[in-house]
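From first to last, the protein sequence lines are chains F and X. Taking this note's numbering, the leading residue of the first sequence gets 91, the next gets one more, and so forth. Taking this note's numbering, the leading residue of the second sequence gets 20, the next gets one more, and so forth.
Rather than coming from a laboratory, the hints here were simulated on the basis of the structure. Each hint should be verified, as a subset may be incorrect.
To be verified - Far from chain F by the CB rule (all over 12 Å, computed), these chain X residues:
(1) Ala103
(2) Thr106
(3) Pro108
(4) Arg109
(5) Thr193
(6) Phe239
(7) Val248
(8) Pro249
(9) Ala252
(10) Met278
(11) Arg323
(12) Ser330
Claimed, not checked - Output of the computed footprint for chain X on chain F, the stretches with three or more beta carbons under 8 Å from beta carbons of chain X:
(13) 118-127
(14) 167-174
(15) 267-280
(16) 343-353
(17) 358-365
Model, not experiment: these values are computed from the prediction. The beta-carbon is built from N, C-alpha and C at its ideal position, and this holds for glycine as well.
In case you want the letters, here they are:
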Amino acid sequence: MMVGNRLGAALREERNDRYGPLTEPRLVRWLLIAAAFAFLGFFLIVPLVLVFVKAFEGGWSTYLAALRDPMATAAIRLTLLVAAIAVPANLVFGLAAAWAIAKFRFRGKNLLVTLIDLPFSVSPVVAGMIFVLLFGAQGLLGPWLSAHDVKIIFAVQGIVLATMFVTAPLVARELIPLMQSQGDDEEEAALTLGASGWQTFFRVSLPKVRWGLLYGVVLCNARAMGEFGAVSVVSGHIRGLTNTLPLHVEILYNEYQLAASFAAASLLTLLALVTLALKSMIEWRTSR
Amino acid sequence: MAVVEERGTVLETGSSPLPSPLPPSLQVTARRKGGGRRLPGGSVLPGFGLSLGIALLYLGLIVLIPLSTVLLKTVSLTWAEFLAKVTTPRALAAFRLSFTAAFVAATVNAVFGVIVAWVLERYRFPGRRLVDAMVDLPFALPTAVAGIALASIYAANGWIGQWLAPLGIEVAYTPLGIMVALTFIGLPFVVRTVQPVLRDIDPEVEEAAASLGAGRWTTFFRVLLPDLVPAIATGFVLAFARGLGEYGSVIFIAGNMPMKSEIVPLLIMIQLEQYDYAGATAIALVFLIASFSLLFLINFLAWRRYRRESSEVAS
Chain F
91 MMVGNRLGAA LREERNDRYG PLTEPRLVRW LLIAAAFAFL GFFLIVPLVL
141 VFVKAFEGGW STYLAALRDP MATAAIRLTL LVAAIAVPAN LVFGLAAAWA
191 IAKFRFRGKN LLVTLIDLPF SVSPVVAGMI FVLLFGAQGL LGPWLSAHDV
241 KIIFAVQGIV LATMFVTAPL VARELIPLMQ SQGDDEEEAA LTLGASGWQT
291 FFRVSLPKVR WGLLYGVVLC NARAMGEFGA VSVVSGHIRG LTNTLPLHVE
341 ILYNEYQLAA SFAAASLLTL LALVTLALKS MIEWRTSR
Chain X
20 MAVVEERGTV LETGSSPLPS PLPPSLQVTA RRKGGGRRLP GGSVLPGFGL
70 SLGIALLYLG LIVLIPLSTV LLKTVSLTWA EFLAKVTTPR ALAAFRLSFT
120 AAFVAATVNA VFGVIVAWVL ERYRFPGRRL VDAMVDLPFA LPTAVAGIAL
170 ASIYAANGWI GQWLAPLGIE VAYTPLGIMV ALTFIGLPFV VRTVQPVLRD
220 IDPEVEEAAA SLGAGRWTTF FRVLLPDLVP AIATGFVLAF ARGLGEYGSV
270 IFIAGNMPMK SEIVPLLIMI QLEQYDYAGA TAIALVFLIA SFSLLFLINF
320 LAWRRYRRES SEVAS
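With the hints as extra help, turn the sequences into a complete structure.
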């Protein structure tokens, strides 16, 4: 058995170096790698490079001018504000949902897990539409809201709500399988040793899931800052007031201000690259 | 009460001649508390009520109540009105286009997704980790950015479009452009569902196939592929569902001509802008039913795979 295992390992190691029964001929290998590179190159790398090339076509000064434009800074500020509300809200929700689902047994748990995933299968446009149906001028609560002078649609509140809807599953989704696989021996030990519930949560459970939690928050943040469809429906595109950075990109592009549009887009692309880098770092940390 | 206490002693001595009819949660409760009060959630950990309460409140307020407005709004329509709204020629053309484009894109992703997953898992080459990380780019890149980048690349004067234009291939502002955008959006799904399965396949299976005289080609199609099919199917459905609802990356490259290159999410958007809420909601409801069926299908696929795996372990 030992010999068999060792042989298997040796075969696996040699897979790439030698033409053997467990790998493909060198030509096939190179063709497959080339096909993968071509596919990813056309669909991922070319768009990525294009964003930065177009953003810097007019040089650094135009690039900086595009980002210093008052409308651009207002859009950046609003995007940061929306993320600053939506991400912590989802963090609390994700932790609560994961705690309830991973640590306890109750009726309807599978249904709850499915419902948490629901926003993923709703088109972003529909996600925005439901808030218009609820809070819009002709919506269910519209007359009451306008009587009390509360504005949600075509205002920051609506953008925050739509963003919270779209990003709702992200933190919970990372935490549930992680907490389930870890079990609760450490928590039980902490409670036995006299720790209170909150102490156990903050000093035992939270450190146990910290990398998964960070990953969920990073993904949630990327999505919150980049959401386009849902926000587009509820925002009303009021410049300087309800324009997030992705909407700012759209407006400039439609006005043929391409360099400025791609300059704003380059910020969002940087955000995506940082997200991917953090993700790889977290995966590398947890796999050690 | 007496029964519970008796149960408690039975549990502690562990010599009961009868199998316990109580669920494990209740047995533990009986022993710990002695009073027979069921622990909430069947665990000694605290916070069941609070965490479930927060989760349900948030989910209810942010997701479920807003979503239910689609149903409430469509209920106000009669069946005939509803049918009339969703079967206008423009709506039917949009449905046909959205489903076809999402299907084609998911198929392209299924084929190339398996190749990419295979290359990343089986071969070692410089930059492999970087490529692996890049696969998730469509998840992280805002859709509007993807949209303007793809539209610029495939426009007739764009980096790739200028080489395709002399061949008579127009990508931007045609249905083909929609498929390109949806391929981008759905790219990670099949790769990410196939990768772990490929990693977990026991090399002994391939060794056995090779020692029995199977070539690599036969081994792949007759031995490995059957194991990969459920993962490919899950990835395909996920990519298809994502493509169906996608808006941001498509509208820049689509051209958005009614009847020709107008996808369903755009049609909903236009009807909302024209304050045709009833029309938008009716179409959205059809769309929601389609997506939820797909969600159900994914869960069913996962459940069947889980059941088969556990029955294999048991036998």
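Quick rundown of the hints versus the structure:
| no. | hint | in the structure |
| --- | --- | --- |
| 1 | Ala103 | 20 Å, holds |
| 2 | Thr106 | 19 Å, holds |
| 3 | Pro108 | 21 Å, holds |
| 4 | Arg109 | 16 Å, holds |
| 5 | Thr193 | 17 Å, holds |
| 6 | Phe239 | 9 Å, violated |
| 7 | Val248 | 19 Å, holds |
| 8 | Pro249 | 18 Å, holds |
| 9 | Ala252 | 16 Å, holds |
| 10 | Met278 | 19 Å, holds |
| 11 | Arg323 | 15 Å, holds |
| 12 | Ser330 | 19 Å, holds |
| 13 | 118-127 | holds (count 7) |
| 14 | 167-174 | violated (count 0) |
| 15 | 267-280 | holds (count 3) |
| 16 | 343-353 | holds (count 4) |
| 17 | 358-365 | holds (count 6) |
Hints 6 and 14 from the earlier list are contradicted by this structure; the remaining hints agree with it.
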